[in-house]
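Let the sequences and hints guide you as you build the complete structure.
There are 2 protein chains.
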Amino acid sequence: MNALDELAESFSRLPGIGKKSAMRISNHLLKADQTFLERFAKQLVELHSRIHQCSECGAYTETDPCAICSNPLRERNLLCVVEQPQDVNTIENSGEFRGIFHVLGGLISPLEGIGPDQLPIGKLIERIKKENVTEVIIATNPTVEGDTTALYLQQILRQTDVKVSRLASGLPVGGDLEYADKLTLARSFRGRISF
Amino acid sequence: MNALDELAESFSRLPGIGKKSAMRISNHLLKADQTFLERFAKQLVELHSRIHQCSECGAYTETDPCAICSNPLRERNLLCVVEQPQDVNTIENSGEFRGIFHVLGGLISPLEGIGPDQLPIGKLIERIKKENVTEVIIATNPTVEGDTTALYLQQILRQTDVKVSRLASGLPVGGDLEYADKLTLARSFRGRISF
Numbered sequence: 009m010n011a012l013d014e015l016a017e018s019f020s021r022l023p024g025i026g027k028k029s030a031m032r033i034s035n036h037l038l039k040a041d042q043t044f045l046e047r048f049a050k051q052l053v054e055l056h057s058r059i060h061q062c063s064e065c066g067a068y069t070e071t072d073p074c075a076i077c078s079n080p081l082r083e084r085n086l087l088c089v090v091e092q093p094q095d096v097n098t099i100e101n102s103g104e105f106r107g108i109f110h111v112l113g114g115l116i117s118p119l120e121g122i123g124p125d126q127l128p129i130g131k132l133i134e135r136i137k138k139e140n141v142t143e144v145i146i147a148t149n150p151t152v153e154g155d156t157t158a159l160y161l162q163q164i165l166r167q168t169d170v171k172v173s174r175l176a177s178g179l180p181v182g183g184d185l186e187y188a189d190k191l192t193l194a195r196s197f198r199g200r201i202s203f
Numbered sequence: 009m010n011a012l013d014e015l016a017e018s019f020s021r022l023p024g025i026g027k028k029s030a031m032r033i034s035n036h037l038l039k040a041d042q043t044f045l046e047r048f049a050k051q052l053v054e055l056h057s058r059i060h061q062c063s064e065c066g067a068y069t070e071t072d073p074c075a076i077c078s079n080p081l082r083e084r085n086l087l088c089v090v091e092q093p094q095d096v097n098t099i100e101n102s103g104e105f106r107g108i109f110h111v112l113g114g115l116i117s118p119l120e121g122i123g124p125d126q127l128p129i130g131k132l133i134e135r136i137k138k139e140n141v142t143e144v145i146i147a148t149n150p151t152v153e154g155d156t157t158a159l160y161l162q163q164i165l166r167q168t169d170v171k172v173s174r175l176a177s178g179l180p181v182g183g184d185l186e187y188a189d190k191l192t193l194a195r196s197f198r199g200r201i202s203f
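Protein chains in written order, with the working numbering: chain W, 9 to 203; chain F, 9 to 203.
A portion of the hints provided could be inaccurate.
Since the list gives no way to pick one copy over another, a pair counts as held whenever it fits inside one copy or between any two copies.
Below 27 angstroms or equal to it, Euclidean Cα-Cα: the simulated BS3-like pairs (lysine-lysine) are [stated by the list, open to error]: (1) 137 to 171; (2) 39 to 131; (3) 50 to 27; (4) 27 to 39; (5) 28 to 50; (6) 131 to 171; (7) 171 to 190; (8) 39 to 50; (9) 28 to 39; (10) 138 to 171.
Don't read these hints as lab results, they were simulated from the structure.
The following block contains the structure:
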């Protein structure tokens, strides 16, 4: 195995990159600038030491607390609960939400043996009190695990006097009824909005 | 821009990787082993110094001449002409060819201002004589540029007494007549093989 094949092997380990794409990328890099390759290599090596999770919300950040938690202009009474740290970026990019976040780091999944006790729910309730949160938006994925976790959180948060909501689930914008699966269609009926 | 975004930006510059895939890969690497990241980084940095083109055939190699050119078991009277160094690997992986290669490094393309004079045809003829080649297989892509170059090579090689052939063009195996474009269908008629 020569240097080209070795590099392609590394690329093929990444999600969404097959053997052919990996080889194509490696061949492309043979013509790339050495400066680019060195900067790219440095970014890979330094990734772990530069990025960690925010001690407040759990998002990926270089500073602690993260830019969102330490921003006084965010609406701190609005808290959005997500599964993974990267979900924070996805929601931030939409520009729809001006509150603060809380990363669960996992979902209730009986199949994987993850129960409610393994999720940092106590920390969530602590934060709700500390930040005087009035509304919690649950933004877990619309999957079996995401639904279960959302339902569980809703029950737990009943003890507190915060308003609890969940992201709407239904037809994607620009989508086509014809291609919607039965479950999505059923949800879009149940969650219908009156004019 | 934090370290995660910087890494994603580098990934998004690679062919076939969009912004979302780049972010997904970067998030995946956050959970990867540091050893893997360091080996990956080393492979990127060392790529240019370890890989170069074979001085004989032009294929990518770590040794000079390459493993194919220096292999006494290859059929040296059979020479396959390809456009790019990576085409050598593609053909090698098929296991169909046991001869030697010659990389042109480009194709005749009036649009890009590349004429026959810019291609290393003299070197090809030299090699044909030196290696006592009896058959030249032209394996340029079945595109306008590939066809033009193949036609030109065929005319040039008429001066020598080598047999010249070209890879068959037609329906891909497992393909469907219904989805074949007109040009491919026309070629598969012209190149039909009698039983």
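Hints versus structure:
1. 137 to 171: within (13 angstroms within a copy, 85 angstroms between copies)
2. 39 to 131: between (50 angstroms within a copy, 23 angstroms between copies)
3. 50 to 27: Answer is both: 24 angstroms inside a copy and 20 angstroms across each meet the 27 angstroms cutoff.
4. 27 to 39: both (19 angstroms within a copy, 22 angstroms between copies)
5. 28 to 50: both (25 angstroms within a copy, 21 angstroms between copies)
6. 131 to 171: within (18 angstroms within a copy, 78 angstroms between copies)
7. 171 to 190: neither (30 angstroms within a copy, 62 angstroms between copies)
8. 39 to 50: Classified as both: same-chain Cα gap 19 angstroms, cross-chain 17 angstroms, threshold 27 angstroms.
9. 28 to 39: both (18 angstroms within a copy, 24 angstroms between copies)
10. 138 to 171: within (16 angstroms within a copy, 84 angstroms between copies)
Checked against the numbered hints given earlier, the structure breaks only hint 7 and satisfies all the rest.
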